[in-house]
Amino acid sequence: MKKIRFGLLPRVLAAIALGVALGGVLPTWAVRIFVTFNALFSQFLEFAIPLIIVGLVAPAIADIGRGAGRLLLLTTLLAYAASVAAGFASYFTGEALFPSLISSHVEVETAAEASGLDPFFTVQIPPLMNVMTALVLAFMLGLGMAHLRGDVMRRAATEFRDIVSMTIETVILPLLPVYIFGIFAGMTATGEAFRVLGVFIKIIGVIFALHVVWLLALYGVAGAIARRNPLRMLGRMMPAYFTALGTQSSAATIPVTLAQTRSLGVSEQIAGFVIPLCATIHLSGSMLKIVACALALMIMQGMAYDLPLFAGFILMLGVTMVAAPGVPGGAIMAALGILASMLGFSPEDQALMISLYVAMDSFGTACNVTGDGALAVIIDATTASGRRTRHNDTD
1 MKKIRFGLLP RVLAAIALGV ALGGVLPTWA VRIFVTFNAL FSQFLEFAIP LIIVGLVAPA
61 IADIGRGAGR LLLLTTLLAY AASVAAGFAS YFTGEALFPS LISSHVEVET AAEASGLDPF
121 FTVQIPPLMN VMTALVLAFM LGLGMAHLRG DVMRRAATEF RDIVSMTIET VILPLLPVYI
181 FGIFAGMTAT GEAFRVLGVF IKIIGVIFAL HVVWLLALYG VAGAIARRNP LRMLGRMMPA
241 YFTALGTQSS AATIPVTLAQ TRSLGVSEQI AGFVIPLCAT IHLSGSMLKI VACALALMIM
301 QGMAYDLPLF AGFILMLGVT MVAAPGVPGG AIMAALGILA SMLGFSPEDQ ALMISLYVAM
361 DSFGTACNVT GDGALAVIID ATTASGRRTR HNDTD
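Numbering (my numbering), first residue to last: 1 to 395.
Because the hints were derived from the structure by calculation, they are not lab data.
It should be emphasised that the depicted structure is a prediction, and the values quoted were computed from it without experimental measurement.
Glycine is no exception: its CB is placed at the ideal position from the N, C-alpha and C atoms.
Quick list of simulated restraints, FRET-style, between CB atoms:
| hint | residue 1 | residue 2 | range |
| --- | --- | --- | --- |
| 1 | Ser100 | Ala259 | 40 to 48 angstroms |
| 2 | Ala304 | Lys202 | 18 to 26 angstroms |
| 3 | Ala17 | Pro174 | 16 to 24 angstroms |
| 4 | Ile33 | Asp151 | 45 to 53 angstroms |
| 5 | Leu128 | Asn229 | 50 to 58 angstroms |
| 6 | Met166 | Thr133 | 22 to 30 angstroms |
| 7 | Val152 | Leu309 | 34 to 42 angstroms |
| 8 | Gly220 | Leu245 | 20 to 28 angstroms |
| 9 | Ala17 | Leu245 | 19 to 27 angstroms |
| 10 | Phe88 | Gly265 | 29 to 37 angstroms |
| 11 | Ala17 | Val171 | 21 to 29 angstroms |
| 12 | Gly265 | Thr133 | 41 to 49 angstroms |
Sequences are here, hints too, so could you generate the full structure?
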């Protein structure tokens, strides 16, 4: 019999629904079991986050640094600029809309304590290093490996990345729905769950609208540079968009994205280079989601924020997104470290961030891969213009 796959999104949604439905009716001892699990899982998550940063960011930087060239530099800078611009667009949109849509002072992290539910026991798992130490170490190792000719460190980093990715896929993501169930079960006991769910619905609606507007803007810029109809180009990329909705993977959508980008008139050489690279380093859709969700949760809990705080967060997030593993929810896993270190997110806040992110994962991936086509058009037009200029100067 064919095995039915129950993906991460259905499991997260089921965990939220069950947590809300059962949180008020389960006996105290049963709820305390999940409170105990949450205490242990949060300790493991705090231990794992620095290792995730080192394991994912260092080899990603090393891989980008390999094979220097003008096209690589141009593509990387353009992808980073697009992702950062998406982050600032998300911040300013959220700052304008969220205060009127979201009620503040929802005490997420104290839900279990407020209901008088304590874990049966706790185990302290101190992390090997703090998050900023992990980031600096990852940058140092990544840049060093990019410039060294030896492959011993690179192989070690690649194998450690595989271990980290395997841990995410086989331990963290499978146990995450249980963790989310425990959080919502605790919030149900204090009456906060329905307020949080109401916020979720509003945030998801705003983020979806942001994705649409961002793609129109991105193709508007590409159309102006290449002197082509942006709506027609965007329409040609729809097969890639809908393929990404189903696969939830930029890498799995590369063949379709590549074919549709070629149909836009992008040269074979540019499309073959830009599309696979941007599947890893261009994550505008993910940036839109993470910034909007982070801002919404901070407003919801009455946490202090300002533009300089989010500017630093967005610039750092643009680099961290490069390390996102190719699994559903991988981008948010790579971002957990700076969410904690720069915005002060607790493990409970991080779990809600993951829930929000996963709920929009398909649309974010679709925005990423569709935007890849626009970047390829811009790079193709720019390099073609450069070739024509150099040719005219020679004549």
